[in-house]
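**Q** Modelling step: build the complete structure from the supplied sequences, incorporating the hints.
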Amino acid sequence: MSRNSRRYLLPVALAAVLGMSACGGEDAGTDSGGTKLSGTIKVDGSSTVAPLSEAAAELFREENSGVQVTVGTSGTGGGFEKFCAGETDISDASRPIKDKEKAACEAKGIKFTEVQVANDALTVVVNKDNNWVDCLTVDHLKKMWDQGSTVKTWNQVDPKFPNEPLKLFGAGTDSGTFDYFTAEINGEEGRSRTDYNATEDDNVTVTGVSGTKGGLGYFGLSYFESNKSKLKAVKIDGGDGCVEASTKTAQDGTYTPLSRPLFVYPSAAALKRPEVEAYLKFYVDNASDIATQAQFVPMTDEQKTKSASLVDDLKKQAGS
Amino acid sequence: MTRALRPSPAVLDPTTAGTRSLRRSSPRYGEKLIQGLLALAALVSVATTLGILASLVIPTVGFFQDVSIVSFLTGTEWSPLFARARFGVLPLVTATFVVTTVAMLIAIPFGLGGAVFLSEYSSRRFRKVFQPVLEVLAGIPTVVYGFFALTFVTPNILQKFWPGGEPPDVYNMLAAGLVMGVMILPTVASLSRDAMGAVPQALRAGALALGSTRRQTTIKVVVPAALSGIVSAFVLGISRAVGETMIVLIAAGGTPNLTLDPREGAQAMTSFIASAGFGDQQTGTTGYNTIFAVGALLFVITFVMNFFSIRLVRRFREVYE
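Protein sequences appear in the order of chains S and H. First residue of the first sequence: 0, per numbering that gives the first Met the number 0; consecutive thereafter. First residue of the second sequence: 0, per numbering that gives the first Met the number 0; consecutive thereafter.
Everything labelled a hint here was simulated from the structure, so no lab data went into it. A hint or two may mislead.
[Stated by the list, open to error] Straight-line C-alpha distance at most 30 Å; calculated DSBU-like pairs for lysine-lysine:
1. S/K227 <-> H/K159
2. S/K231 <-> H/K159
3. S/K151 <-> H/K159
4. S/K127 <-> H/K159
5. S/K280 <-> S/K35
6. H/K159 <-> S/K212
7. S/K35 <-> S/K271
8. S/K41 <-> S/K97
9. S/K142 <-> S/K212
10. S/K81 <-> S/K271
11. S/K280 <-> S/K305
12. S/K81 <-> S/K35
13. S/K110 <-> S/K97
14. S/K227 <-> S/K127
15. S/K229 <-> S/K159
16. S/K110 <-> S/K305
17. H/K159 <-> S/K229
18. S/K315 <-> S/K280
[What the hints assert, rightly or not] Over 10 Å on every C-beta distance to chain H, these chain S residues come out as not near it, computed from the model:
19. E53
20. E86
21. T136
22. N226
23. G237
24. G240
25. T246
26. D300
27. T304
28. K315
Every residue, glycine too, gets a C-beta built ideally from N, C-alpha and C.
**A** Rendered as structure tokens:
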């Protein structure tokens, strides 16, 4: 359940609907205002981005009930495979497209652009009474979490740390959080030790780490911010010194390697269809609300403007 | 006697004779309907058991085509959903075993003690008030017990008053087992009391008349006489402990952990089924079939236990007319 909780849907939906109706008056002339949109939009790709695309779809359908949006979770790579075969309209991606995938798209004559929709950041947390660690390097984390790791105490990670049992709490294998953390820390998606408390419910990790002196866990930054009083966040040294996890460091990309931009890739052909264009514009215009609801870090204004102009550019390329 | 069998004048009436005397006056469809409904009620539980068995079989067979049954039953590493999958179910079995043992260490002595008190020592008035209170315990949802174990028993009792050495972890089998024992206690107590209540009063009177004290009567006469009922109460308690899900899921954590130390957290068989069931395993994959394989193992364990307990009960059964 990590990070696709729909707890905050109602207030956000309300705000979005109010916002939409307010805008509706202004550009009713240019927009598809009166005409009802219909059709099916096929979205597939990263399971991390899926909660965002789903949240966007849900809010979008409040206004456009005739449009169906299907969001698959084939993974970023699997999503691009389908996208470049022309099977999907929009591909969700938690990393930029690879050259090989680009070539596959070009071979099929599929034009696309890369639109950022949110920022992702994971926070590593320890117990409040943990007074021996403020900052961990990626190597430290890898020692703890790598496949086959037998580390059982903190001083086995680094002799500077005390001889305190290390108890690990982490994401279950079904979550995008797990895929991201293992890829960045252990070098391969899904590569991880298995004898830790694995859960899809971040609250289990909060309870575990806050109740265990030598506990350590990780989850999305926004979930940490709502549990700040119970836990202590650890700075991460990705090679350029210790950086604290925060909205700012996630947005400017200095919090490495545990922060990253998240993208959607629309195809030019799909963008010609009014329902796809409307969905995508809605997605970018309401990106902050959507990101907050799906428990991600929203984009900066600059990032948002860039995404909006990229959509416009692709639209122009596609012609109408 | 012969007078009673003499036909009544109505039967002798030539127009209705035969039909009225030998058969029912009407086909009684209502009676048939009720009989059918009752048979259906009896069938529902049997059919459900068969249905569960059938739904377990296919995925379980699929699972054992991918994983050998020997490595499943003897392996010591459990990570079926990870990239490097291992299917040794022993860590889950030991966790279920430890939690069940702790639970029965509470439920059996306290349940039996409570039953003896209610049946042999307490006044009727006290029993009338006390037994319903005890049975309320059995009506508390298990999810409530689970959070009680996690948020109260572990931090406020176990970790605070631990006598010495390493205190239990946040998620630990001890708290889960203790609370589960309390949950099962009323079932054991109430069934055992019923069994003792069914022992004929004449046996007690006889023992007392021969000069036995109340304690001697209870231990040497009443409990042995009710033993088959008491044993089946224990077995029912153990079955509930083995199959209990929410308490172990919430309070014992989700780490597959091969240990007999109840201070540590460990994932039990039922917690694995529940947590893997929440995730999105694709139908037909080994990960999906694993859920059913563990379910089948649970089924076999409870079945074997019940089978032996029935034989045990038969052996000890004492029938009083």
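**Q** Against the earlier hints, flag every one the structure doesn't satisfy and list their numbers going up.
**A** none
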